[in-house]
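Those sequence lines, one after another, are chains A and B. According to the UniProt record's numbering, the first sequence holds residues 1 to 279 in order. According to the UniProt record's numbering, the second sequence holds residues 1 to 301 in order.
Treat the hints with care, since some could be wrong.
To be verified - Derived list of chain B stretches under chain A, where covered just means 3 residues or more per stretch with a C-beta under 8 Å from a C-beta of chain A:
| # | segment |
| --- | --- |
| 1 | 48-60 |
| 2 | 102-109 |
| 3 | 247-258 |
Think of the hints as simulated: they come from the structure by calculation, not from any bench. Heads up, the beta-carbon is just placed ideally off N, CA and C, and yes, glycines get one too.
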Amino acid sequence: MTTSLPFRAGLLSLVILAIFLGAWHIATAGSTPIANIDPEYAKLLGQTATQGKSAMPGPLDVGRALWTHLRDPFYDRGTNDKGIGVQIAWSVARVAAGYGLAILVALPLGFVIGMSALISRALDPFIQIMKPISPLAWMPLALYTIKDSGLSAIFVIFICSLWPMLINTAFGVASVRREWLNVARTLEVGPLRKAFTVILPAAAPTILTGMRISIGIAWLVIVAAEMLVGGTGIGYFVWNEWNNLSITNVIIAILVIGVVGMALDLVLSRLTRLVSYPE
Amino acid sequence: MSERFISIEGIARAYPAADGLPIAVFEDLWFSIRRGEFVCAIGHSGCGKTTVLNILAGLDEPSTGVVVVDGKGIEGPSLDRAVIFQSHALLPWKTVLGNVAYAVKSRWPNWSADKIKAHAEKALGVVGLSGAEFKKPAELSGGMKQRVGIARALSIEPKILLMDEPFSALDALTRGTLQDEVRRICRDTSQTVFMITHDVDEAIYLADKIVLMTNGPGAQIAEIVDNPLPIDRARTEVHKHPDYYAVRNHIVDFLVSRSKNFAEEQAARVAGGLPRNNRHPPVVRPLAAPALMPAATRAAS
Numbered sequence: 001m002t003t004s005l006p007f008r009a010g011l012l013s014l015v016i017l018a019i020f021l022g023a024w025h026i027a028t029a030g031s032t033p034i035a036n037i038d039p040e041y042a043k044l045l046g047q048t049a050t051q052g053k054s055a056m057p058g059p060l061d062v063g064r065a066l067w068t069h070l071r072d073p074f075y076d077r078g079t080n081d082k083g084i085g086v087q088i089a090w091s092v093a094r095v096a097a098g099y100g101l102a103i104l105v106a107l108p109l110g111f112v113i114g115m116s117a118l119i120s121r122a123l124d125p126f127i128q129i130m131k132p133i134s135p136l137a138w139m140p141l142a143l144y145t146i147k148d149s150g151l152s153a154i155f156v157i158f159i160c161s162l163w164p165m166l167i168n169t170a171f172g173v174a175s176v177r178r179e180w181l182n183v184a185r186t187l188e189v190g191p192l193r194k195a196f197t198v199i200l201p202a203a204a205p206t207i208l209t210g211m212r213i214s215i216g217i218a219w220l221v222i223v224a225a226e227m228l229v230g231g232t233g234i235g236y237f238v239w240n241e242w243n244n245l246s247i248t249n250v251i252i253a254i255l256v257i258g259v260v261g262m263a264l265d266l267v268l269s270r271l272t273r274l275v276s277y278p279e
Numbered sequence: 001m002s003e004r005f006i007s008i009e010g011i012a013r014a015y016p017a018a019d020g021l022p023i024a025v026f027e028d029l030w031f032s033i034r035r036g037e038f039v040c041a042i043g044h045s046g047c048g049k050t051t052v053l054n055i056l057a058g059l060d061e062p063s064t065g066v067v068v069v070d071g072k073g074i075e076g077p078s079l080d081r082a083v084i085f086q087s088h089a090l091l092p093w094k095t096v097l098g099n100v101a102y103a104v105k106s107r108w109p110n111w112s113a114d115k116i117k118a119h120a121e122k123a124l125g126v127v128g129l130s131g132a133e134f135k136k137p138a139e140l141s142g143g144m145k146q147r148v149g150i151a152r153a154l155s156i157e158p159k160i161l162l163m164d165e166p167f168s169a170l171d172a173l174t175r176g177t178l179q180d181e182v183r184r185i186c187r188d189t190s191q192t193v194f195m196i197t198h199d200v201d202e203a204i205y206l207a208d209k210i211v212l213m214t215n216g217p218g219a220q221i222a223e224i225v226d227n228p229l230p231i232d233r234a235r236t237e238v239h240k241h242p243d244y245y246a247v248r249n250h251i252v253d254f255l256v257s258r259s260k261n262f263a264e265e266q267a268a269r270v271a272g273g274l275p276r277n278n279r280h281p282p283v284v285r286p287l288a289a290p291a292l293m294p295a296a297t298r299a300a301s
């Protein structure tokens, strides 16, 4: 009676999920209705007071609402009523734009820093100071200079994804094994060919690790950034539903943010596996 | 010209020590290698053997002195001088064929992909690796990896082959087979070879001349041993040759005691009226003492 580890782990996960959902359901379920109350008055008081029902939605409420969202994710009925798919698409597009720009800057710059001890040392103080700045601290400056809230959000994503990629690229390039570089030297390989055929493949796993850290941070930051800039995106959706006092929708948004974040991480981890090599 | 195909002329290499003063790892080395000759350098760790090889490869530069190859001073690495690295140094993300093809393409950038592939496959065939072309280096044993390294070095048809303890990481059986193959290939192609080794038997089996280096810092060439064994030798028979133990004992004696105390030995020799000229290190040819040789063998040789 031995079953595989993945099967047993999956089973345990399901059990934990069931316990969690059960506890949630019990915690938010109403108690007995209070008798002898005028129905009109009861309506005014709401279910929290009259039936002991929690204001926190239960798993069944969330499940129902989630089903409505997933059935029609892409509708657009004005500024404050867009499908959750549309909001996610906006967020992913902003992350893609900021992250893409960061790649365009971080890879070449990281290569230069990794190859040149001089530039590495010269830029180090700037990187060390810029790296720990919360990306949202840039927001007012970005809004003031760029004068466009959408572009400012993209800038914030750019600045937060830049550092892990830059530092990992520089580190990966600087720590390419000397013997591989010597192989290229003895074969009289030119600098550009060496960069693409030896240094890049050798540093690729480290670079991809940096990119994976970056996408995680970018996805964390986009929610906060969109809460600030407003208009569209999953972060704005969360804030909007909070103003609507729709805790159900807030919970759904949290769930969706988690799932998309996991998917982005999965893509990057697959790519990392693709470029890594056993030694 | 062929007398001094490679000529090492008074090279020294100094590194700054902790107190800032330079310390010479080796100094005033002179020796030459003829075309088609197989030369081994032997000496203890720290005598700068690898540095000498790296200077020949163009990967390192001497602090003073020059190295002339085929009438031209060495300026940086060249495709004319192929290196077989101790750690094989294969690119792990490329296949076996990809590693060799990379070298072939570097040598002949204008060749078509088909021609490069065919040439690389031929080189792999020479070292007996046909069939493993599409494996990654991580899937190969140590011996097979080193074969790929040899194939890669030979594929560019270099004028000189430089080997840095190529077999030291291998087990004895694999080492023996690879020694046989390297000797066969180098003889077939009249390859000029400079090789570093720690293994006395390996040096005796493979080399025409063995350069003995004293201990560093300040290492020097003590002697150059002219290998008395015949050109046609088999690894399994070489220790039965009457001169074998004379050479072997000479080298082992050197490594065990003389390499440490060479300065004193030298001083004694100079005091005895035998001045030393670094430009022409003494060449010795250890032979078996005639009295120890069985009459039959002596007649045969």
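Earlier hints that do not hold, by number: When the structure is compared with the hints, only number 3 turns out to be violated.
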